[in-house]
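Colleague: Working from the sequences, and respecting the hints, build out all of it.
Listed below are the residues making up each chain.
2 protein chains.
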Amino acid sequence: MLSVGQTHQLTFSFTQADVEAFARVTGDTNPIHLDAEYAVQTVFRRPIVHGMLGASVFSRVLGTEFPGAGSIYLSQTLAFQQPMYVDTAYEAVFTVQEILPRSSARIETKIMEQESGKVVTAGEAVVMNRQLIPNTKRS
Amino acid sequence: MLSVGQTHQLTFSFTQADVEAFARVTGDTNPIHLDAEYAVQTVFRRPIVHGMLGASVFSRVLGTEFPGAGSIYLSQTLAFQQPMYVDTAYEAVFTVQEILPRSSARIETKIMEQESGKVVTAGEAVVMNRQLIPNTKRS
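Residue numbers (this note's numbering), protein chains in the order written: chain A, 19 to 157; chain B, 19 to 157.
Read the hints as simulated data drawn from the structure, not as lab findings. One should not assume that every hint holds.
Okay, the calculated beta carbon distance ranges per label pair [unchecked claim]:
1) GLN59(B) / VAL58(A): 46 to 54 Å
2) SER21(A) / ARG64(B): 29 to 37 Å
3) THR25(B) / THR25(A): 23 to 31 Å
4) ARG124(A) / GLN149(B): 32 to 40 Å
5) LYS136(A) / GLY135(B): 40 to 48 Å
6) GLN59(B) / THR60(A): 42 to 50 Å
7) LEU52(A) / GLN115(B): 23 to 31 Å
8) HIS26(B) / ALA87(A): 22 to 30 Å
9) GLN149(B) / PRO119(A): 44 to 52 Å
10) SER21(B) / THR29(A): 38 to 46 Å
11) ARG42(B) / ASP105(A): 15 to 23 Å
Since this is a predicted model, take the numbers as computed values, not measurements. For every residue, glycine included, the Cβ atom is placed at its ideal position computed from N, Cα and C.
Modeller: This is the structure we're talking about:
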């Protein structure tokens, strides 16, 4: 059962093939993600990973590891603070902030570049999971 | 150039093949999205689309149509208010709320089920686009 203060981490990275597959399935073909000649003219110098692909690690972990299968996503905030690049190790870090009524929890979610520890994406999720989050009643 | 009050709409839908492709690229294999026998035992009765796949329509539109190519995603809030299903027509609706300093804009983003008009996902994006959003200075 999830409890306040509990944390979870996952190390992950994306390849350019992942970025291309994400562009195909979502239709998000913004050249900043796909076109190196375009990207070199921007502030980023090289293609960046879709913010929403990076953030999908939150959905992945919340739905498969922490708390786990059966999680229902209720909300997510996302601040894309730094660009994410392919072939770079990132760490997703989750910290339970509050157990909410009806088997829900508010969880801090962030992605850090593994080498520098710099936060690239920050936010907060609320998930419901009847098996894995205690069912407290609103007082 | 983007201006306050401007709106944009896109009709879209997902197939189960899209959901499976999204699960592969993101690693989000929560059975609620993939396993009909599992889903029938839940409140949803049948597999639901990943909330983050639904929300990727915001990234797609902001980066390719409205305002368009070159947009840099700064933030997004997401409230997953109702489940999304495959083979169902949805409408993504964008309304510019505020032009912010440094070629950025705050844009209301929502997804409605096309037939009922019911909002399934609500939120707000902030994007920067040096070509397509006016560069106002903070006073």
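Colleague: Run every hint past the structure and note whether it holds.
Modeller: Evaluated hints:
1. GLN59(B) / VAL58(A): 46 to 54 Å: 51 Å, holds
2. SER21(A) / ARG64(B): 29 to 37 Å: 32 Å, holds
3. THR25(B) / THR25(A): 23 to 31 Å: 41 Å, violated
4. ARG124(A) / GLN149(B): 32 to 40 Å: 38 Å, holds
5. LYS136(A) / GLY135(B): 40 to 48 Å: 43 Å, holds
6. GLN59(B) / THR60(A): 42 to 50 Å: Check passed, 48 Å falls within 42 to 50 Å.
7. LEU52(A) / GLN115(B): 23 to 31 Å: Check passed, 29 Å falls within 23 to 31 Å.
8. HIS26(B) / ALA87(A): 22 to 30 Å: 37 Å, violated
9. GLN149(B) / PRO119(A): 44 to 52 Å: Since the Cβ atoms of GLN149(B) and PRO119(A) sit about 46 Å apart, the hinted range of 44 to 52 Å holds.
10. SER21(B) / THR29(A): 38 to 46 Å: 43 Å Cβ-Cβ, so the 38 to 46 Å window holds.
11. ARG42(B) / ASP105(A): 15 to 23 Å: 19 Å, holds
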